[in-house]
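Chains as they are written, first to last, in the working numbering: chain U, 1 to 231; chain H, 1001 to 1315.
Just so you know, these hints were derived from the structure itself, not from any lab.
Treat the numbers as computed from the prediction; the structure is a model and nothing was measured.
Yeah, the Cβ is synthetic: ideal placement off N, Cα and C, and Gly gets one too.
Treat the hints loosely; a few may be bogus.
What follows is a list of derived Cβ distance ranges for each label pair [to be verified]:
hint : chain 1 : residue 1 : chain 2 : residue 2 : range
1    : U       : Gln18     : H       : Ala1093   : 31 to 39 Å
2    : U       : Glu168    : H       : Thr1159   : 37 to 45 Å
3    : U       : Glu176    : H       : Tyr1157   : 35 to 43 Å
4    : U       : Asn172    : H       : Leu1301   : 53 to 61 Å
5    : H       : Phe1111   : U       : Gly66     : 54 to 62 Å
6    : H       : Gln1088   : U       : Asp216    : 45 to 53 Å
7    : H       : Thr1159   : U       : Trp10     : 51 to 59 Å
8    : H       : Thr1161   : U       : Ala112    : 37 to 45 Å
A short list of chain U residues far from chain H (calculated; beta carbon distances all over 10 Å) [claimed, not checked]:
hint : residue
9    : Gly27
10   : Ala104
11   : Asn110
12   : Leu173
Sample of chain U residues at the chain H side, in silico, Cβ under 10 Å [unchecked claim]:
hint : residue
13   : His15
14   : Gln18
15   : Lys68
16   : Arg74
17   : Gln85
18   : Pro88
19   : Leu97
20   : Gln137
21   : Ser141
22   : Gly148
23   : Glu151
24   : Gly171
25   : Leu175
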Amino acid sequence: MLELSGLHAWHGKSHVLQGVELEVGRGEIVSLLGRNGAGRSTTLKAIIGEVEPHGSIVFRNKQIAGRKSFEIARLGLGHVPENRQVFPGLTVRQNLLLGMKPGAAAGRWNIAELFAMFPLLAARAETPGGVLSGGEQQLLSMCRTLMGDPEMILIDEPTEGLAPKLVEQVGNLLLEIAARGVAILLVEQKRNIAMRISQRLYVMGHGQVVWEGSPDSLARADAVRAEWLEV
Amino acid sequence: MPEILVFATLNGLVTGLLLFMLASGLTVIFSMMGVLNFAHASFYMLGAYFAYSISLWFGYWTGLIVAPLLVGALGALVERYGLRRVHQQGHVAELVFTFGLAFLIEEAVQFFWGPETRNYQAPELLDFPLFTLFGQEFSAYRGFMLAISMSIFLGLYHTLTRSRVGLVIQAAITHPQMTAQLGHNVPLIFTMVFGVGTALAGLAGVIAGPVLTTFPGMALGLGSIVFVIVVIGGLGSLQGALLASLLIGLLQSYAIAADVGVPDLLAMLGVEFPGDHPLDDLWTLHLAQVAPVLPFLLLVLVLVFRPKGLLGKRE
Ligand SMILES: Nc1ncnc2c1ncn2[C@@H]1O[C@H](COP(=O)(O)OP(=O)(O)OP(=O)(O)O)[C@@H](O)[C@H]1O
Ligand SMILES: [Mg+2]
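For reference, chain H alone in the conformation it holds in the complex:
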């Protein structure tokens, strides 16, 4: 039992912090634009594909650095020449634009890399067990993912709350007019934030690609979970996004690790059913099978009992 708990916690942290790399950008961009960017997870997918192609020629480590930069530059261009123009047409137009962009990116990925899964591999350098506990291995690559996402989180926190740029960003989010009238180039700041947010999504794709597989559907799968996180945490709240990311990462991980079935639970309560009972399918449902649904279950609960999200301020 303790080894299950330790590994489930570690894996939950890896997933949670990875989700936060996406959720943080999405939620900050939401505060700026007032609109959810449906294409955010597409930049995550682009990160994985760019890194895959770069790794074929120059190796994993070059991809790790270059792919997020490319994705961030692309994000900044999208904001500067796309979103900013569409913004004048109102929120609905912006939403439709980000939807369209998500489809466009998915089609482009299928066009250039094909519909099948790409064999994007973790670097050999990290292909060893970091430690073995109770006879179970924790891979060095997962440790590496944890280290990267942890340092991103600390760096982001420090930049936003301590640095002057971070203060300008906070001010520009709540009072863009006043911030501009103090001499700060607010549109440029917004482009930069968009670029950094999409670069972080790209970085998440680079490090997650080898573990969660690199295929054209990867944006859709993760994207919906990231939306759920941002809503559960409270739209626009960075702390909320962190809390919800960890909550969902750990919850899923524990559910998979526990992997108890309904029959086991009932057996614990002293109830036994014969194998040919009509409700057999339900009884044999395992917690691990329910894991993917958990985020959405949590979403419904939060929306019913706390519509503004765990740490959100607006309805």
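Next up, chain U with everything else stripped away, as it sits in the complex:
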């Protein structure tokens, strides 16, 4: 589904991604772990074209490095960014409507169903997005991207700053997304949720992938956790 090789990216003069290699299969949940500043968010931004990528990014057998964000999105790749980017002046319902791509047919998800899954959002359908709580904004941002019926989504720290109850809801939504055949590349800080739902994990350090394996093998790899994850 997605395959990165030799991916480099820069923020101004600083060389942030230094040859990232990773792949995600159809319908797979894969997590990208690492300490703050390891380059995880930048990896997602380079894939979606927000940061200029150098190297190869193949998505659904097409080279997408250098394409415009809206074209990449229309190929079926969604991004839920770390700061959520809810449109503050638009209502929850309008935010969701904008997730739909121009002229697209009905997909796997629709507003009624998402509202049924998250009564929290349904209750605030006509409220401006800007006044929602952080957790509500996170759910809205994820649902908005789902409205575009992506084949794969990149999700950046969806549970950051969320109450435990919402963390659980977000975890369940991720499982539901994967159950419908949508691949997920998840960037997470909380290792337990990533370990619980992912099939494979990558660990990043200094702009490169430094380890790759299953949740079980990461649980056993004390040295990797000590060197690249624990603070």
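Go by the hints and put chain H with the ligands onto chain U.
Below, chain H with the ligands without anything else, positioned relative to chain U:
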């Protein structure tokens, strides 16, 4: 007195809504680019001149439709092949670009149409008094201007707040990256908005040309007032632009209609001066003469007491 009030209000509305046709485009384009487009009023002037030339061959009504479309297409081209490239060089370069464009358009107008005023006329069809009140006439053409600008305002409001395109525009203004990542072609949307904004300015020129006269200085005169409006209303605020447009339109109109001089005011207070007093010039200043200065006076007041503008959010 009541007839003065009625006519001043109507004329103020005509001017105010006309100003809003320019101010709305300018303020929305500002929100998008983060830069004031100094050439905006030049598109207003082009509208009047295009319509004038078209009207010579095909009549007023063809000009009314075709001139704004031409101006809008020109605006879209300017955004796509000019501004978008200059944008990479930063805000200062963009400002200089729009300045240069304003001069270029003024020179081009002088070159093709000459420096003198053009006899661009309102259509004969509308050359009759719409109604007569207290013995004073309100021309059908002014009524027509009011109807056009009113429907533009309602259409614009409806499109921006109710239609899907309007929602995409609102989203793209605050979060261009996110909007693009949801699959919307943001650069195309910006070009369209620029095109529609300049077409509206052109339309304002088409309908105002016969009333405010069509000459090469018309962009400069109106342009400065439109800037004042956008700043008074609050940069980037559409509601603010509407409020400020109406405020300035009405204020000017009332000032002209009232036309009381300082001596009259003083006389009301019971103060009389002999005609040969050294400050005579000041005393004979009339409110109508002050009218053109009022927008700028208001600008200074707003900048001092409310720097972000009446309904603005940013400083
Ligand atoms: N807009 C930016 N401008 C300059 N440098 C940036 C920018 N964004 C990120 N960086 C730098 O790039 C490096 C990688 O940042 P990135 O956001 O990818 O990290 P991360 O792994 O997502 O960590 P976290 O989100 O926990 O901060 C960091 O050193 C960061 O300081
Ligand atoms: Mg990050």
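Review point. Which numbered hints are broken by the structure, listed smallest first?
Key: When the structure is compared with the hints, numbers 5, 7, 8, 10, 13, 14, 20, 23, 24, 25 turn out to be violated.
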